[in-house]
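**Student:** Now for the letters of each chain:
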Amino acid sequence: MHKEKQHATIAAAVFSALSLLFLLLPSSPVVNSAKAALAFSLLPFVSAGHSAAEITAGAPRNIAALINAEEENRALRLRQKDADITAAQLEAALETNRRLAAETGLSASEKWRGVWARVMERDPAHWNSSFLVDRGASSGVQPHDPVLGVQDGRAGIVGKVVEVWRDSAKVLLATDEMFSAVCYVEGRNWDALAEGRGRAELRLNYLPSDANVEKGAKVFTSRSSVVFPQGILAGTIIGVHQAGSFQTFTSADLRLAVRPEAAKEVFIMSRNRPPAPAEQGAAK
Amino acid sequence: MTFIRLAALYVLCVAAQWWLGAHLSPGGVTANVLLDAAVAVAVLGGPVAAHGFAFMCGLYFDFMSPRMFGGHALAFTLMARAIWFVRWRLDFPTPPSQMALAAAASVFAAAFHSLLGIVFAGGFIWRGWAFSVFTPVANAVAAPFVFALAAVFAPPPDKSRRR
Numbered sequence: 663m664h665k666e667k668q669h670a671t672i673a674a675a676v677f678s679a680l681s682l683l684f685l686l687l688p689s690s691p692v693v694n695s696a697k698a699a700l701a702f703s704l705l706p707f708v709s710a711g712h713s714a715a716e717i718t719a720g721a722p723r724n725i726a727a728l729i730n731a732e733e734e735n736r737a738l739r740l741r742q743k744d745a746d747i748t749a750a751q752l753e754a755a756l757e758t759n760r761r762l763a764a765e766t767g768l769s770a771s772e773k774w775r776g777v778w779a780r781v782m783e784r785d786p787a788h789w790n791s792s793f794l795v796d797r798g799a800s801s802g803v804q805p806h807d808p809v810l811g812v813q814d815g816r817a818g819i820v821g822k823v824v825e826v827w828r829d830s831a832k833v834l835l836a837t838d839e840m841f842s843a844v845c846y847v848e849g850r851n852w853d854a855l856a857e858g859r860g861r862a863e864l865r866l867n868y869l870p871s872d873a874n875v876e877k878g879a880k881v882f883t884s885r886s887s888v889v890f891p892q893g894i895l896a897g898t899i900i901g902v903h904q905a906g907s908f909q910t911f912t913s914a915d916l917r918l919a920v921r922p923e924a925a926k927e928v929f930i931m932s933r934n935r936p937p938a939p940a941e942q943g944a945a946k
Numbered sequence: 369m370t371f372i373r374l375a376a377l378y379v380l381c382v383a384a385q386w387w388l389g390a391h392l393s394p395g396g397v398t399a400n401v402l403l404d405a406a407v408a409v410a411v412l413g414g415p416v417a418a419h420g421f422a423f424m425c426g427l428y429f430d431f432m433s434p435r436m437f438g439g440h441a442l443a444f445t446l447m448a449r450a451i452w453f454v455r456w457r458l459d460f461p462t463p464p465s466q467m468a469l470a471a472a473a474s475v476f477a478a479a480f481h482s483l484l485g486i487v488f489a490g491g492f493i494w495r496g497w498a499f500s501v502f503t504p505v506a507n508a509v510a511a512p513f514v515f516a517l518a519a520v521f522a523p524p525p526d527k528s529r530r531r
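Note that the protein sequences, when read in sequence, are chains A and B. Count along the first sequence from 1, add 662, and you get the number used in my numbering. Count along the second sequence from 1, add 368, and you get the number used in my numbering.
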């Protein structure tokens, strides 16, 4: 009996000391991590039924980041499925377009092909002029390939390739003074020339003098553009300069849809252009 | 063998606690099956089993709300300590006494854990009137069932040594 009491005292002391140790040690983050990891890995129905924020409440940042990544992954998979459906619809629309184009004798729209590249270097001296990307001739990049970026879920022009090396290329930005592209204003028939000015906004020149262009109108690349295929968003009109006594055409200020200085990754389109006469001669 | 039976009881009680918390907690009040089980094992089990089981039951609640990790474990261990020492003086086999003991134990454990908050969490932990009043009642109602379950799993006390 006395021995049993002794055991009870020892057991109580040991377990109380253990509890106090847990209380004194900074064990909450460890327990929160273990709890989040258990809820996430052993009980998938728990993680599916709760948001990542609920599961990771109180957990350290690295564990929370892991679990948040899984939730993001789930959301992205769903978006990927939506994108697959949209792509299938677009493919069907393109096929119809090709068929109608063949029947009417018009050239059909090209399918966008190309490679994604990362911006690897910007020249501070030519910030609005150009940058280098980590894809080059080995990835099929050629001079004059159009370069697109994505911002707010929409693709838009960024510039064009001007120099190509084996594993890198130089992109002339749309904001550079040497850049120009034939564009059209949404809902209008006439073309105009978007020209870089060395700053954030472009100038859309050669609009007809009676063009009734309004601020906020979207501008897209035209079929007449040598570099860009038709229908790529260039930007939005933010100001209109009407034709006057010293200017025979209307012009407009254009804000790019994708700001080149914000681009981290760009899509370099490869277009199947007919070879130039000189290239044809060399091939022969 | 005792350890395995106690482990089985623990798993069963954890599952029951989880289910009750998810499906039967009107107004956030639910029967504390693990506390009842800790009380039952403290009455029925040996010295190490009584304290170890209470510690593990407390640890479950600490794991579920780890703001003051170890607080419930300490409260449950001390509760088991008190019960283990008075169990021979009281008559626990009848349901009314089990219910009274469970209610008293839950008040003690909740009060002790709340007071621990002054030292370790920077203030008295108050869970509201509904929790403070109705949880001991719910625990008391569940106590006879948990005692019956614990009697199946935990080794019965040696009566010759009780007197």
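Don't read these hints as lab results, they were simulated from the structure. Predicted model, so just to flag it, every value in this text is computed and none were measured. The beta-carbon is built from N, C-alpha and C at its ideal position, and this holds for glycine as well. Treat the hints with caution; some may be incorrect.
[Stated by the list, open to error] These stretches of chain B come out as covered by chain A in the derived footprint (C-beta under 8 Å, 3 or more residues):
1. 404-417
2. 438-448
[What the hints assert, rightly or not] DEER-style ranges, computed between Cβ atoms:
3. A:A727 - B:A479: 31 to 41 Å
4. A:I747 - B:G396: 50 to 60 Å
5. A:H669 - B:A479: 51 to 61 Å
6. B:G496 - A:A737: 35 to 45 Å
7. B:V501 - A:A737: 37 to 47 Å
8. B:A390 - A:E783: 20 to 30 Å
9. A:H669 - B:F513: 49 to 59 Å
10. B:G396 - A:R784: 51 to 61 Å
11. B:A376 - A:L752: 55 to 65 Å
12. A:I747 - B:A376: 42 to 52 Å
13. B:S433 - A:L680: 51 to 61 Å
14. B:W494 - A:K665: 36 to 46 Å
**Student:** Against this structure, judge whether each hint is valid.
**Tutor:** Hints versus structure:
1. 404-417: holds (count 3)
2. 438-448: holds (count 7)
3. A:A727 - B:A479: 31 to 41 Å: Since the Cβ atoms of A727 (chain A) and A479 (chain B) sit about 39 Å apart, the hinted range of 31 to 41 Å holds.
4. A:I747 - B:G396: 50 to 60 Å: 44 Å, violated
5. A:H669 - B:A479: 51 to 61 Å: 28 Å, violated
6. B:G496 - A:A737: 35 to 45 Å: Taking Cβ atoms as reference, G496 (chain B) and A737 (chain A) lie about 37 Å apart, which means the hint holds.
7. B:V501 - A:A737: 37 to 47 Å: For A737 (chain A) against V501 (chain B), whose Cβ atoms are near 44 Å apart, the range 37 to 47 Å holds.
8. B:A390 - A:E783: 20 to 30 Å: Roughly 56 Å apart at Cβ, these two residues miss the hinted range, so it is violated.
9. A:H669 - B:F513: 49 to 59 Å: 29 Å, violated
10. B:G396 - A:R784: 51 to 61 Å: 57 Å, holds
11. B:A376 - A:L752: 55 to 65 Å: At roughly 60 Å between Cβ atoms, L752 (chain A) and A376 (chain B) fall inside 55 to 65 Å, so the hint holds.
12. A:I747 - B:A376: 42 to 52 Å: 51 Å, holds
13. B:S433 - A:L680: 51 to 61 Å: 19 Å, violated
14. B:W494 - A:K665: 36 to 46 Å: 42 Å, holds
This entry does not satisfy hints 4, 5, 8, 9, 13, going by the numbered hints stated previously.
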